[in-house]
Structure formats: structure tokens, C-alpha cells
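Required output: the full structure, derived from the provided sequences and hints.
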Amino acid sequence: MSRAVEESNRRMLRARDAMDRDYAKPLDIPTLARIAYVSDAHFIRVFRATFGETPHRYLQRRRVERAMFLLRETDRSVTEICFDVGFSSLGTFSRTFTEIVGEPPTTYRWRAADLRAVPACFAKAWTRPS
Amino acid sequence: MPNRITHTQVYVLDQDEALDFYVGKLGFELNTDADLGFMRWLTVNFPGQPDVQLLLERPGPPAHDDATAEQIRELVTKGALGMAGIIAVDDVHKTYEELRTKGVEFTEEPTERFYGTDCGLRDPFGNPLRIGTPKEGPVEVPDAAELGAENWS
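Top line first, the protein sequences correspond to chains P and A.
This note's numbering puts the first residue of the first sequence at 569, with every later residue one more than the last.
This note's numbering puts the first residue of the second sequence at 235, with every later residue one more than the last.
In case anyone wonders, no lab produced these hints; they're calculated from the structure.
Take these hints with a grain of salt, some might be off.
[To be verified] If you anchor each label on the Cβ, the simulated ranges turn out as follows:
#1 A:ASP267 x P:PRO594: 44 to 50 Å
#2 P:THR647 x A:HIS327: 30 to 36 Å
#3 P:THR674 x A:HIS327: 35 to 41 Å
#4 A:GLN305 x P:ARG602: 48 to 54 Å
#5 A:GLY294 x P:ARG679: 50 to 56 Å
#6 P:TYR605 x A:PHE340: 14 to 20 Å
[As the list claims (entries may be wrong)] Sample of chain P residues lacking proximity to chain A, with all beta carbon distances greater than 12 Å (derived):
#7 ARG602
#8 ASP608
#9 ILE612
#10 ARG625
#11 ARG663
#12 GLY670
The model shown is predicted, which means the values in this text are computed figures rather than measured ones.
Even for Gly, the Cβ is constructed at its ideal location relative to N, Cα and C.
Now the structure itself:
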């Protein structure tokens with residue numbers, strides 16, 4: 569491996585850090601590709617080769633993870649949370665959330681609230697994936 | 235009986251560049267810079283704490299064959315290897331601003347947590363570090379449900 573690969577990794581990592589940090593902002597591929605100093609198409613291809621998933625998917629997972637946290641820990645509405653974590657359409661948010669988590673945001677919130685009301689040992693047993 | 239840590243280690247891609255960062259920016263001081271023939275033994279410590287040294291190690295022979303060293307360098311630059319350190323400061327907000335003006339790359343701004351307030355950064359090679367002001371007194375760790383998976387790396 570050459571230094572070029574290391575420099576490429578480092579730049580991809582910088583773009584990934586930007587997603588972790590600025591997920592609530594309207595990050596798009598051109599913005600991220602600029603952070604990584606590469607063209608848009610090159611960025612998507614190299615990011616995937618480096619981290620095993622597309623930048624789009626990584627950002628979706630980051631946003632959904634933040635949404636799960638807000639659904640559990642706050643009383644903000646699903647619509648508010650959708651925009652809080654950087655989605656610009658409620659439809660896209662619901663569809664993406666359901667696809668990644670396995671249930672819609674509202675259902676997830678109910679279930680999380682139920683779980684908080686029971687002792688942790690039961691919650692652990694119930695939420696263990698089968 | 236083993237009872238204290240004297241050295242910890244972080245892989246760096248270039249030892250001079252590592253000194254620029256760890257000494258020039260983070261405020262470590264040089265402890266030992268010795269040419270052992272087979273390796274350059276390079277350690278730094280915080281002023282007043284010479285008994286806790288951070289070894290800035292370059293992967294390579296004789297410890298690693300070339301292919302292994304390349305794998306290590308690849309993992310470092312992906313941010314996938316270890317934590318160079320968790321560093322305490324009196325005022326994390328002040329340190330954050332100072333380091334930002336020095337061009338240090340932050341991954342997270344100072345955030346309040348159950349154990350204190352801390353922020354995330356990377357060294358020039360990709361190694362993560364954290365700098366924070368720990369909460370005084372005993373810290374009670376919330377259980378996983380309470381914590382709500384607030385921290386996501």
C-alpha cells in the first residue's frame with residue numbers, strides 16, 4: 569500500500585467525521601466530496617471501498633440513530649425530530665427509519681416508553697434480538 | 235504486583251509530525267528521543283508528569299513486516315485503531331478554543347455528559363483522542379437504558 573491510500577483514507581475519515589458532527593445540517597454529496605478533496609463520483613466509490621457502505625447510507629444511519637435517541641428521551645413530535653436530525657421530508661424519514669429500525673418512529677417511541685417502565689433486566693430480555 | 239501504568243502507546247505514521255502535534259499543539263513535552271538502531275524510541279509526557287509517557291511508535295520492521303505495517307497504517311488512517319489518550323484539562327471550553335485556533339481537527343465540540351464535559355479530536359494520522367474536564371466527586375454510571383445510547387462513535 570502506498571501513501572496515497574493512507575491519504576485517501578484520512579480524507580474519507582474527515583468526511584465521515586463531518587457526517588457524525590454535522591448530521592443535522594443539509595449535508596449533500598458535493599459538500600462531503602469537497603471535504604474529502606475529490607469529485608462527487610469518486611467520493612461515493614472510494615468512501616464505500618474504505619468504510620464498507622455508501623456515504624448516503626452512513627449519514628442515514630447516523631440520523632436515524634439520533635432520531636431514536638430523541639424519540640426515547642424527548643417529547644418532541646416525530647415531525648420535529650425528523651427535521652432536527654437533518655431529514656427534509658417526513659415521508660423519507662419515516663420510510664428510512666422503518667427500513668433501518670424495523671418499525672415506524674411512533675411504534676418505536678411507544679415501545680421505548682413501555683420499556684422504561686419496567687426493570688432493566690426485563691427490558692434486556694425483551695429487547696434481545698432473536 | 236503490577237500497580238501503575240508508566241507508558242501507553244499510539245501508532246503514528248511520521249514521528250516528527252507526531253512531535254509537532256503532541257508537543258507543539260497538545261502541550262506534551264519530549265521525554266525520550268533515542269535511536270535504538272532497530273527503532274526510534276520516542277516518548278512524550280505532560281509537564282509535571284514524567285512517569286506517564288506516551289510512546290509515539292512508527293509501525294514497521296523489525297516488529298512488523300512491511301505488509302503488516304501497511305495494514306496498521308491503513309487502520310490508523312481510517313480512524314479504526316485505539317484511543318491515543320483521554321486527557322484532562324481544567325477548562326475544556328478554553329482548551330477547545332485554543333486548540334481550534336492552532337488548527338486541531340475536532341470531531342465533537344465540548345458536550346456535557348454524566349462524567350463531565352468533553353470533546354473529541356483526531357491527531358494528524360486519524361487516531362482519536364478526547365479532552366475533557368471530569369466531574370468532581372464520585373461519578374455514578376447510569377445503566378444502559380438511562381444512558382439512552384447517547385454516545386455513538
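Each hint, compared with the structure:
no.: 1; hint: A:ASP267 x P:PRO594: 44 to 50 Å; result: 47 Å, holds
no.: 2; hint: P:THR647 x A:HIS327: 30 to 36 Å; result: 33 Å, holds
no.: 3; hint: P:THR674 x A:HIS327: 35 to 41 Å; result: 38 Å, holds
no.: 4; hint: A:GLN305 x P:ARG602: 48 to 54 Å; result: 29 Å, violated
no.: 5; hint: A:GLY294 x P:ARG679: 50 to 56 Å; result: 51 Å, holds
no.: 6; hint: P:TYR605 x A:PHE340: 14 to 20 Å; result: 19 Å, holds
no.: 7; hint: ARG602; result: 16 Å, holds
no.: 8; hint: ASP608; result: 21 Å, holds
no.: 9; hint: ILE612; result: 17 Å, holds
no.: 10; hint: ARG625; result: 15 Å, holds
no.: 11; hint: ARG663; result: 22 Å, holds
no.: 12; hint: GLY670; result: 16 Å, holds
Hint compliance for this structure: hint 4 alone is broken.
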